[in-house]
Amino acid sequence: MPIYIDQNTRVLVQGITGKQGSFHTGQMIAYGTKIVGGVSPGKGGQSVEGVPVYNSTFEAVEHHSAEASILFMPAPFAKDAAFEALDAGLKIIVLIPESVPLHDAMEIMAYARQKNAVVVGPNTFGLVSSGNSKIGIMPNRYFVPGPVGVVSRSGTLCYEIVGHLTENEIGTTTVVGLGGDRVVGLHFIDVLKKFEEDPATEAVVMVGEIGGSAEEEAAAHIASSMTKPVIAYLAGKSAPPGKRMGHAGAIIERGRGTFESKAEALSKAGVKVADLPMAVPPLIKTALADK
Amino acid sequence: MKLYEYLGKELFSQYDIPVPRSKLVESADQAGQVVGELGEVVIKSQVLSGKRGKAGGIGFASDFAEAQKEAARILDLKIDGLATEKLLIEEKIEIEQELYLAITIDGSAHRPVVLASLDGGMDVEDVAENRMIRWPVDVTLGMQGYMAREICRRMGVTGNLQKELVNFLPKLYRMFRDQDAELAEINPLALTPDGLVAADAKVTIDDDALYRHQELPRITEKTALELKAEKLDLAYVELEGDIAVMANGAGITMATLDMVQHYGGEPANFLDFGGGADLEKTAQSLELLLGTDPKVLLINIFGGITRCDVVAEAFVRVKENKGIDLPVSFRLVGTNESEGRTILEKVGIKTFTSMDEAVRHAVVLTGTV
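So the sequence lines, in the order shown, correspond to chains A and B. Residues 1 to 291 in this note's numbering are what the first sequence lists, from first letter to last. Residues 1001 to 1369 in this note's numbering are what the second sequence lists, from first letter to last.
In case anyone wonders, no lab produced these hints; they're calculated from the structure. Be aware that one or more of the hints could be misleading.
[What the hints assert, rightly or not] Okay, derived cross-link-like pairs now, DSS-like style, lysine-lysine, Cα gap no bigger than 27 Å in a straight line:
1) 1222(B) / 272(A)
2) 1346(B) / 243(A)
3) 1222(B) / 1202(B)
4) 1086(B) / 243(A)
5) 79(A) / 1231(B)
6) 243(A) / 1322(B)
7) 1322(B) / 1346(B)
[Stated by the list, open to error] Part of the chain A face toward chain B, derived, beta carbon under 7 Å:
8) 102
9) 107
10) 140
11) 141
12) 209
13) 223
14) 224
15) 236
16) 241
17) 243
18) 247
Just so it is clear, the structure is predicted and the values come from calculations on it, not from any experiment. Idealized CB from N, CA, C, for every residue including glycine.
All chains, full assembly: derive it from the sequences and hints.
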């Protein structure tokens, strides 16, 4: 049972005529995603990868009754585009841009709450229902169907770990990139709840990192409400305090958000924490065999 | 971007938030002269460190000689390794009570959150959890009067102080929102006979929003190399070790550093050259790393949006133009992997497909293990 999206989800691409937008439209179509339209103000009437382009999101929704949208545009324009998508009634919004101002992100999330919509990101690689549909920029070939749900704060590191699983012939149900920023729409707990309800998901991998308290909150949720096995990998063990490691969230500040605190909270909740990315597949194999 | 205390207080003043009368000076003599205008004063080092007070960066004076002496002492201090360039000389205020007040961003709630406590003046981490009131604010509502009153009720604040706080909170919230702040912290917030006064100011502005705040000065805590990297739009952090690391993506770069340490090596840096970098930017990243004179170069590429052939071409170009004499451990997989591998083989560089092998090889190359 796919979660969030499936092979029938009708997807718009906002910012489809840009370099990233057009390239990834092609990649998503190749994966099987139902891309029904694109939006690029001033470029209506064109077509990209055979997809019709509209001037406004409302116009595209009128023509194609889309349900989801993926956004490719420079960060200063992300708020306007996300508001437009939400106002036009789309229920899943995937925000690819990096460097979206935090206050813009907070306003987007507040409006999404009113509209009862799901926002993934910003600064995410998106999400994929393996073998069905992807709304994102992840490399297609690693995302093959199987029994493991994956949720991650970072992109390439998630590919690395999913790549290790694929090499070991372990596929995935759904893979969700939460995004590397301090304010992102979905959190670990939201996705863990979905995985717990999803009969196809037998085990879960969560990929976390230093900074913030999302992993600790997830640990409390796992201890109280998860029956399925969870394996974690955490990046940033060697990071010195006070240095921001690329992601806006990845910083140890005032003694908060350390690797040790996260690893301890997760271990206490019964989560096996892998000490290297390549240690994830054996732990998952054991978890699947124990079921 | 963290603001110096005096800049934070300048912002406060713009929002009608009371701060002590003050002068900014750069020498001991200037400090002495200010005493004449302000009377009894507090002399505060303007450094971006939370350890200022404990490190002796704050002094008191009531006449010219004392002020000159204290200012000279503080100007000579290194606080957290940082030199003091400016001193903020403030009138000494009469404090009846010290509070703690801050607004920051609560990622879990997607909202700004007000933190308020009657235990001001002390290290915020030492404040008991039940003495710190937390109130997330919905940005569509903004800071309403009832919220400020409710925060006061939960703090146990009544009477005149309540009136003061209900008036004070919306100003701080407005500044926080208008200026794209990540943090606006006042510790202590002082109750004086004339009302509430911000005795300190810790303000951090969201780096990603600086483009719409041209009026703010640019402050950096970065080293020269980190600044050079910033100009190239690279995420770069200097570390202590001898293995230069280059990878694409913040998470995997962190994981690479962790793995280097796991196998007994020490990384020289964090360098995430981002997703989908072109040949020029990739070459510049490499040149930057070579300029740090590391013992070994470790490159870890998992190409998604990043193309392996582009990384390989950039490497060859730098090798041919500038020379790469140090031992290299190169991991290359993902988009256009075989093209990339072919390009590197022509210049005699072998690549790994596994991150684990590449990292272990890099550590062996340092010769320390």
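Comparing the hints with the structure gives:
A distance of roughly 37 Å separates the Cα atoms of residue 1222(B) and residue 272(A); the hinted pair therefore is violated under the 27 Å criterion. Restraint check for residue 1346(B) and residue 243(A): the C-alpha separation of about 38 Å exceeds 27 Å, so the hint is violated. A C-alpha spacing of about 19 Å is found between residue 1222(B) and residue 1202(B), which places the hinted pair at or below 27 Å, so the restraint holds. The straight-line distance between the Cα atoms of residue 1086(B) and residue 243(A) is roughly 24 Å, inside the 27 Å bound, and the hint therefore holds.
A hinted pair counts as satisfied when its Cα atoms are at most 27 Å apart, and residue 79(A) with residue 1231(B) qualifies at roughly 26 Å. Restraint check for residue 243(A) and residue 1322(B): not satisfied, since their Cα atoms lie roughly 30 Å apart, outside the 27 Å limit. The hinted pair formed by residue 1322(B) and residue 1346(B) meets the criterion: a straight-line CA distance of about 17 Å does not exceed 27 Å. For residue 102(A), the suggested interface contact is upheld, since its CB lies about 5 Å from the closest CB of chain B, less than 7 Å.
Because the smallest distance between the Cβ of residue 107(A) and any Cβ of chain B comes to about 6 Å, under 7 Å, the interface hint for this residue holds. Interface restraint check for residue 140(A): the shortest CB-CB distance to chain B comes to about 10 Å, outside 7 Å, so the restraint is violated. Violation of the interface hint for residue 141(A) is found here, the shortest Cβ-Cβ separation to chain B being roughly 9 Å, above the 7 Å cut-off. A hinted interface residue such as residue 209(A) counts as satisfied when its beta carbon comes closer than 7 Å to some beta carbon of chain B; here the least separation is about 6 Å, so the hint holds.
At its closest, the beta carbon of residue 223(A) sits 17 Å from a beta carbon of chain B; the interface hint therefore is violated under the 7 Å criterion. Below 7 Å, beta-carbon pairs count as interface contacts, and residue 224(A) has none with chain B, the closest being about 16 Å; its hint is therefore violated. Annotation: interface hint on residue 236(A) holds; nearest CB of chain B at approximately 5 Å, less than 7 Å. A least Cβ separation of about 11 Å between residue 241(A) and chain B goes past the 7 Å threshold, and the interface hint is therefore violated.
Interface hint at residue 243(A): satisfied, since its Cβ lies 5 Å from the closest Cβ of chain B, which is below the 7 Å cut-off. At a threshold of 7 Å, the smallest CB-CB gap from residue 247(A) to chain B is about 4 Å, leaving the interface hint in force.
In terms of the numbered hints stated before, the structure departs from hints 1, 2, 6, 10, 11, 13, 14, 16, listed from lowest to highest.
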